[in-house]
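Participant: Fit chain B to the given chain A structure using the hints.
Here the protein sequences come in this chain order: A and B.
Heads up: the first sequence is residues 1 to 149, going by the numbering used here.
Heads up: the second sequence is residues 150 to 298, going by the numbering used here.
Keep in mind that the hints were calculated from the coordinates and are not lab data.
Just so you know, even glycine gets a beta-carbon here, dropped at the ideal spot from N, CA and C.
Among the hints, a few may not be true.
Unchecked claim - Computed beta-carbon distance windows for the label pairs:
#1 Glu143/A / Ala195/B: 24 to 30 Å
#2 Asp204/B / Lys31/A: 30 to 36 Å
#3 Lys31/A / His257/B: 38 to 44 Å
#4 Asp286/B / Asp79/A: 15 to 21 Å
#5 His108/A / Glu203/B: 38 to 44 Å
#6 Lys31/A / Gln259/B: 30 to 36 Å
#7 Pro139/A / His257/B: 42 to 48 Å
Protein chains: 2
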Amino acid sequence: MSGSCPIRASPPPDGVGGRVPGVDDTALTRKAAAEYVDRLESRDWAGLTTLLAEDVVYEMPQTRERIRGRPAFLRFNADYPGDWHLRVRRVVADGRAAALVLDVRVGHGQQDACVWLELASDGLISRIVDYWPEPYDPPAGREHLVERW
Amino acid sequence: MSGSCPIRASPPPDGVGGRVPGVDDTALTRKAAAEYVDRLESRDWAGLTTLLAEDVVYEMPQTRERIRGRPAFLRFNADYPGDWHLRVRRVVADGRAAALVLDVRVGHGQQDACVWLELASDGLISRIVDYWPEPYDPPAGREHLVERW
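The following block holds chain A by itself, in its conformation from the complex (with noise of 0.2 Å):
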């Protein structure tokens, strides 16, 4: 995948009975990335097999690494370290694609996690893209522009 082009809604199976295009994809995409979360969050690897395409590709574009199929990625997350767990914070979902803010929190630690989603037409989880933003402090020189919380 190049992720060189917007994702737009994809068409519908079919188009009869007045069906809007992209509406159902949207409400089915929208309804998997709450339960990846949710299936993450609650550690169900059986629940999280049901949702994932067996081809699932996982990118982490900040260390470019990629986990390819679903074993892997499902054995990625069983060992991940800490005592983590997500929260969801925003999602946006456009035909077979979503856009996700998580609070992730370890311990005492907590970061947003941009996470984005792909499905492919039979609805199963396709593709993952993670972006890990971290805090830094912010150059000097626009402190007149700012406030800070």
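Facilitator: Only chain B this time, still in chain A's reference frame:
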């Protein structure tokens, strides 16, 4: 100029005939998201102004910085150092919310940014949240599960 709103230039079709709520908002949001990036990339500050609510709020959670109001946000962008360039890699739109991945280049450097937009009921962008995830080295111990690119 300040009273015009290009996003709502043409009214949505009327509600008879089973219009699905939110579909028109999504199309307008998708358009606003694309125009937002285009106006920034072309340093079209007058054009950008017409997309933004006067009380737009811009947040960068990693530095816990917040900028309030259109004038300060325009100044922030106009003053931003470096010959930066933006290209949309992904966009998902959902009602009055959108999420984008931008390919950001400054000189020879490249970084992805995750951008979250919210539109007010008048179609103007009322909230912008930017994440700037930086590259980092992968932790040891998962080499058996991943490939690098």
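Participant: Decide, hint by hint, whether the structure agrees.
Facilitator: Hints and how they fare:
| no. | hint | in the structure |
| --- | --- | --- |
| 1 | Glu143/A / Ala195/B: 24 to 30 Å | holds, 27 Å |
| 2 | Asp204/B / Lys31/A: 30 to 36 Å | holds, 34 Å |
| 3 | Lys31/A / His257/B: 38 to 44 Å | holds, 42 Å |
| 4 | Asp286/B / Asp79/A: 15 to 21 Å | holds, 19 Å |
| 5 | His108/A / Glu203/B: 38 to 44 Å | holds, 39 Å |
| 6 | Lys31/A / Gln259/B: 30 to 36 Å | holds, 35 Å |
| 7 | Pro139/A / His257/B: 42 to 48 Å | violated, 19 Å |
When held up to the earlier numbered hints, the structure conflicts with hint 7 and nothing else.
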